Amino acid sequence: MSQNETTDADDEPIPVMQQILDNPFLLLFIGITVPTVFYIVWGVMEIVTIPVAK
Amino acid sequence: MSALLPPARRVWWKEPLDRVELAWILIAFAWSAILFFMMPYWHVFGKQNLSNEAYRISAEEFTKRTQTMVDKYTVRTETDEKIPVVHPPEGSDVYLIARLWQWWPLLELENGKSYRLHLSALDYQHGFSLQPSNINLQVVPGYEMVITVTPNQAGSYSIVCNEYCGIGHHKMVSRLYVK
Amino acid sequence: MNDSRNFRIDTPTGLQYHRDAELLIKANAFFGVVFLLIGGVLALLVSLTRWPSVHLLPADWFYLTLTAHGLDMLVFWIIFFEIAVLYFCSSTLLRCRLATPRIAWLGFALMLIGAVTTNVAIFRGDSSVMMTSYVPMGAHPSFYLGLILFAVGALIGCFVFLGTLVVAKNDKTYEGSLPLVTFGALTASIIAIFTIASGAIILIPTFLWSIGYIHQIDPLMYRTIWWAFGHSSQQINVAAHVSVWYAIAAIVFGAKPMSEKVSRTAFLLYIAFLQLASAHHLLSDPGLSSEWKIFNTSYFMYFAVLASMVHGLTVPGAIEVAQRKKGYTKGLYEWLRRAPWSNPVFSGMFISLIGFGFLGGISGVMMGTEQLNMIIHNTIYVPGHFHATVVIGTTLAFMSLTYFLIPSLFRREVWLPGVAKWQPYVFGFGMYAFALVMMGAGTLGVPRRHWDMSFAGTALPHEFPGSAYLMMGLVGISGVLAVIGGGMYILVTVGSLLFGRKVESSTFAQKGTPIPRAPVAATIGGHHGGAGFAAPGTFTLAIVFLVAFVLYYFINWKYLSTVWGIS
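Chains as they are written, first to last, in the working numbering: chain A, 1 to 54; chain B, 1001 to 1179; chain C, 2001 to 2567.
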C-alpha cells in the first residue's frame, strides 16, 4: 500500500481516459454527436430515400 | 458520503478493480454480445422478420390498388355495412386499408400459403394488431409496408387497432379468416 | 438581503446551500410534486377506466385524461424534479454559487408557463392526442406551444447546470474530479440537452403546421425525431435516478463507489449510446432498415445495457462493502437484512433498484429486440415496461431522495413518519404488481391507449380471453394501490411543509467553504483491491438477475417462433 502513497503525487500525469471523463464539454460533444449521426441523420436519410410505389 | 465528494485520489483511473466487478463486467459483456448476435441470427435462421420493403404512396393510389384487388377477388360480403370478404390467390398482392375507424376489406387467406400483404393508412396512424397471435405492426399514412405472411393455423383472427387514432379508436376492429 | 447569509450550512449533513440555488431547488421540486399530484389524480381515473368491471370515464374523457396523465408525469413532474437534482448536484454538492440565477429563474418561469399552457390546452378538450401527438392528428396550437416553452426552459436549466460546473472549477471549490453523483447528473444533463433539442426541433414545425403555416409534416419523420425526445427523456431519468441511487447509498451508508473508474465509464457509455434506443419505438415501422434498427435499438451492441448492469451491481455492491465494514459480515446477506428497512430513504431506493432491474430492465431489452418487438408493439405491455422503469425506477428514487431533502433542504421534520415509513412499500409493491399484470395483459394482446377492450357496439368484435380481463382487473386494483402510495407521498411532503416542525440547525456564511482535499490516509487501505471479492452477496443477486434475464429473453424467442411466418 505504500506504493499508492507515492503514485498519488501531484506531478503524476492524469491518464487520458480520466482526462476525457473530467471534461464536461467533450462529453457533451460526444453525447450530442453520436445520437445525432447514428440515430437522426442515418434515420432521416433512410426515410427520404424510401422509393415511391411503382 | 463518498459518492457525494470528489474522488479521494487525484489519479483514480489506475485504481485496481475488485474481482466482483471485473467478473460481472465480463459476464455482462458476454451477455450483451449474445443479445446483439440474436437479431442478425434470426434474420438468417428465423422465420419472423420484417422485410424492410416499403414505399411512399398516396391515399388515393393505395385505395385504388385495394379496390382493384377487391373487384377481382371478393367472395362474399359481411356485416350490415356489406364489407367485402376477399379471397386472393396464393402469392398474390393483398391490400389492407387502415382508416378512421375501420380495417378494409376483410381478408380470407389459406393456411400454409404465402401472401404479399400491403399495409397503409389513409388518414391518421394506426396499429395493426393480429389477435390472438399478437403480431403488431405500425401503419403510417403516406407509407406502404409490404411483408410476406404465411399463416400457420386455420381459424378466425381479429385485427385490432392498437395505435390511438381518435375518439373511435376502440371501435376499430376487424376479422381475418384463415381456411 | 444580507450577503452574510449567502450560503446556508446544514449542520447534520454538512451540505452548503447557495441561496439562489436553494430557492430554485425548492421551487422546481415543489412544482414537480404539484404535477405529480395532478398526474396522480389522473392516474386513478385512468386505472379505474381500464379496470373492465368499473370502466369509469366515458371515452372522450378517458383519452383526454390519458393525454394529460402522460405529459404531467413523464415530462412535467420528472423534468421539474430533475432540474432540482441538477442544481443540487452542481451548486450544493460542489459548494459553489449557482451560475446566472436570473436566467435560471427565467428557465423556471418558461417551464411553468409551458406546463400550464399545455395542460390548459388538454383540458379544453381539443388536444386529446396522447403524449406522442403523432401527426397528422392535430392538437390545438397552444398544446405544442406549451411544450416548446417548457423545453426551452428546461434547456436553460441544463446550461445553468453546466455553467455552475464551470463556476465551481474557476472558484476552485473542489479539487480533482467531480463527485460521482455530480458526474451522473452531468450525464443526465447531456442526455437532456440532446433530448430537449430534438423535442424543440420537431415540435416547432408541428406548431407551425397547427397554425397553418406549414402545409404538412411527414408522419414517419415526425415519429423518428419525436422519439429522440420522447424516449431519450426517459433516458435522462435513468441517468438521474442512477445518480440518486449512488447519492442515497452515500447518504445512508456512507458508501463509496466500488470503483470510480467503472462507474464513470458506465456513465460514459450512457452518454454515448443510451439515446440511440429511441429506435425502440420504430422497430415495427415501415421504411427504416434492419441495419438501422439493430444498430440503434441495441445502443450499439447493448453497451448501455452493459452500463446499467454495471450500475445495478456497483450500487448495492458499494452498500454491501460499507455494511461489511461496519461488521455485518455474517453469511451472504446479513448486510442486507440489517439494512435500515424502516428508513424510507433507503427502502425506497432499494425497491426502486430491484424493480428497475428485474421488471423494467429485462422487459425493456426484450421489447427492444428488433423481431421480438412485433409480439408486444403498442400493446399494454409497453406501459407495463415503462411504469417499471420510470415509476419504480425514477419516481420512487426521487421520492426516497425527498425524505432526505425535507429536513436538509426544506428544514422541516418529516410529518407523519409512520406513513413515510410505509410509503415506499405501498407505492413500490403496488407498482410492481401494476407493471407485472400490465405486461401479462400485453402478452395476451390487450392494446394500450384503448377505452374498450370488449369492443361493444362493433360488428366484428374481438373477444379477449378471460385471463386478459382478469389481468386488466388486477391492473385496476394494483393501480389504485399505487395511487394510494403516491397519495401517501404527497400527504407526507406537503404535510411536512405545512405542519412539520422546523429544523433549526443551520449556520450561515457569506462564502461556501471549499471541499477539503481528502487526507492521504483515507485513500490508503481502501476496501477494494485487485485480489478481493468484496461483495459476494451482491454478486449472487446479480447472478439471479442474469438467470431470470436469460430465461425470459429466450422464452420470448420461443414464442415468436410459433407465430405466422413473416418475411
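These aren't lab readings, by the way, just hints derived from the structure by calculation.
Please read these numbers as outputs of a predicted model, since none were measured by experiment.
No residue lacks a Cβ here, since even glycine has one placed at the ideal position from N, Cα and C.
Each hint should be verified, as a subset may be incorrect.
[Stated by the list, open to error] Between beta-carbon pairs, the in silico distance windows are:
#1 B:Ile1167 x C:Glu2504: 53 to 63 Å
#2 B:Ser1051 x C:Ile2477: 34 to 44 Å
#3 C:Pro2058 x B:Ser1051: 53 to 63 Å
#4 B:His1043 x C:Ala2456: 40 to 50 Å
#5 B:Pro1040 x A:Val16: 16 to 26 Å
#6 C:Ile2477 x B:Asn1152: 51 to 61 Å
#7 B:Ile1027 x C:Phe2030: 37 to 47 Å
#8 C:Thr2562 x A:Val37: 52 to 62 Å
#9 A:Val37 x B:His1043: 17 to 27 Å
#10 A:Ile20 x C:Gly2466: 53 to 63 Å
#11 A:Pro15 x C:Leu2332: 41 to 51 Å
#12 C:Phe2533 x B:Ile1034: 52 to 62 Å
#13 B:Ile1167 x A:Val16: 37 to 47 Å
#14 A:Val16 x C:Arg2005: 18 to 28 Å
*Which of the numbered hints above does this structure break?*
Of the numbered hints given earlier, those the structure breaks are 3, 5, 6, 8, 11, 12, 13, 14, listed in rising order.
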